[in-house]
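2 protein chains.
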Amino acid sequence: MASEIFLYWGSGSGPCWRVMLALEEKGLSGYGNKLISFDKTEHKSEEILKLNPRGQVPTFKHGNIVINESMAAIVYLEDTFKGQGTELIPSEPTKKALVLQRTMESNNLAEKTGKLLYYFFRNKDNIDEAVVSPLKADLKDEVLIWEGYLKELGGDSFIAGKDFTLADCCLFPAVAMLVRQGVDLDKSAPNLGKYYKTVKDRPSAQASWPPHFKESPNQDRFKDVM
Amino acid sequence: MASEIFLYWGSGSGPCWRVMLALEEKGLSGYGNKLISFDKTEHKSEEILKLNPRGQVPTFKHGNIVINESMAAIVYLEDTFKGQGTELIPSEPTKKALVLQRTMESNNLAEKTGKLLYYFFRNKDNIDEAVVSPLKADLKDEVLIWEGYLKELGGDSFIAGKDFTLADCCLFPAVAMLVRQGVDLDKSAPNLGKYYKTVKDRPSAQASWPPHFKESPNQDRFKDVM
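For the record, the sequence lines run as chains A and B.
Under this note's numbering, the first residue of the first sequence is numbered 1, with each subsequent residue one higher.
Under this note's numbering, the first residue of the second sequence is numbered 1, with each subsequent residue one higher.
Keep in mind that the hints are not guaranteed to be accurate.
Pairs count within a copy or across copies, as identical chains cannot be separated in the list.
[Unchecked claim] Here are the computed lysine to any residue pairs in the SDA-like style, where the Cα-Cα straight-line distance is at most 20 angstroms:
1) Lys61 x Asn191
2) Lys50 x Asp141
3) Lys95 x Glu4
4) Lys197 x Ser157
5) Lys187 x Glu142
6) Lys44 x Leu144
7) Lys151 x Ser29
8) Lys50 x Gly148
9) Lys34 x Leu153
No wet-lab data here; the hints were simulated from the structure.
Next up, chain A with everything else stripped away, as it sits in the complex:
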C-alpha cells in the first residue's frame, strides 16, 4: 500500500511534516518520496507544478489521487487506512470532536510561528523591533493557550488526551519549530516541554525528523519570545 504513495516534501515545512507523521503512524513507512529544496525553488519546478498548480509542498499522491492540502491529506489517510496503525480520529463523538477541534485550531500556532519566522527570514539584518514585538507577543499568547490545554488535561501525554491523534500530527511540527528557534519550553511552558519530549521520542517523529534540524544547530530567533 505504501508503494502506491508518493510525497514531495521540504525539510522543516510544518504542513509536510504533518503528512509524514500521519503516514508513519498509519504504518505506511517506505512510501515513495522526494525531498525538494526551497533554496533552489524546486517547489516551483515543472515536476511539482503539473501535480500542484500552486507550486507548494506537500504534494501528495496515492495512486492517481493527488491531494496538496496537508489537512485534506491527513484526513484522507486516516479515512482510507482506518483499520491500520494508530487510530488518528477516534469514533467516540466527544473524543472525535476534540481531535477535530485541536487539529484545525493548531493552524493558529503554525501561523503565528510562521509570521515571525518569515519576518526574520525576509529582514535578516534589518529587524524593526516595532514590527517584531507584537508578533512575538501574539506568539507568546498562543503558546500559553496550548500550555493551558495540556495543563487542563492533567498529565495526559497528548493534546487531545491519552492517545496520539491527528491533532498531534498537526501540533507537534509547530511545537518543534519553537524549540528549533530557541524557545526554552521547559522554563516557559513546562507542560508543552514535556509534550515535546514525549512526541519527539515516537518512532514516527524520529523517522520524519527534518534533516536540516539534525545537520545544523538550533537557532535563537525566538529566544526572547517567552
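Guided by the hints, dock chain B onto chain A, whose structure is given.
Same frame as chain A, but now just chain B:
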C-alpha cells in the same frame, strides 16, 4: 436532533456561514442559534468566552460538545449525521479526495478576500494604492484559479463535481463575498458566476443568507479587482 445543536454566529462571517450551510444541508434546520453583533464586540462577551476562549464565532455546540473551528464543526457534522440529508463527503476515494482538497483549499480564497476587506475596513478614507494593488492582484489570481477548476469540470454545477459537497459549504461564502463587494462575476469569471447563481438558489443558502446582505445594498470595494 437539531434541538441539541446551538450556534453563535455573525452576519456575513464566512466561517459561520460554512457551518450554517452544512447544518441546513444535513437536514438540521431549526437548530438553536444566536446572532451576535461584531459592532458591539459580542463575540468577546462572557457568554461566548466561556465556550470559546478565543472569543470568535462560529461557536458551535452539540449537546455538551463544543467545536469552534468551522472546518472541524462541518467535518464533525457530516460524520455524526452521515445517514441524513446531503452526503457532504462522498465515500468513493477519488471523489472524497477531491472534496477534502477543495474544502481545505478554499481557505486561500477566504484569506485573500478577508485580507483586502480588512484593509478597507481599517483604512476607510485613507486607502494606499501601493498596499491595495498587490492585494487585489493576489485576489484576482485566486479567483481565476477557481474559475479554472469550474471550467475544467465542464458544466458540473458544484466545485467538486455534479453534487453539492462540503467543499461548496466552504467555497460559496467566499464567492458570495466577492459579489457582495462588487465583483461582476458574469463578466470576469462566468463559470463562477453560474456557480454563484446555482448555489444561491439552494434552500440551504437561502435559509442561511446573511441578514445584513439582504438589508443593505451591495458594496463596490472590489469593483476593480477583476
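Open item on the list: Taking the earlier hints as the rules, which of them does this structure contradict?
Closed with: 1, 7, 9
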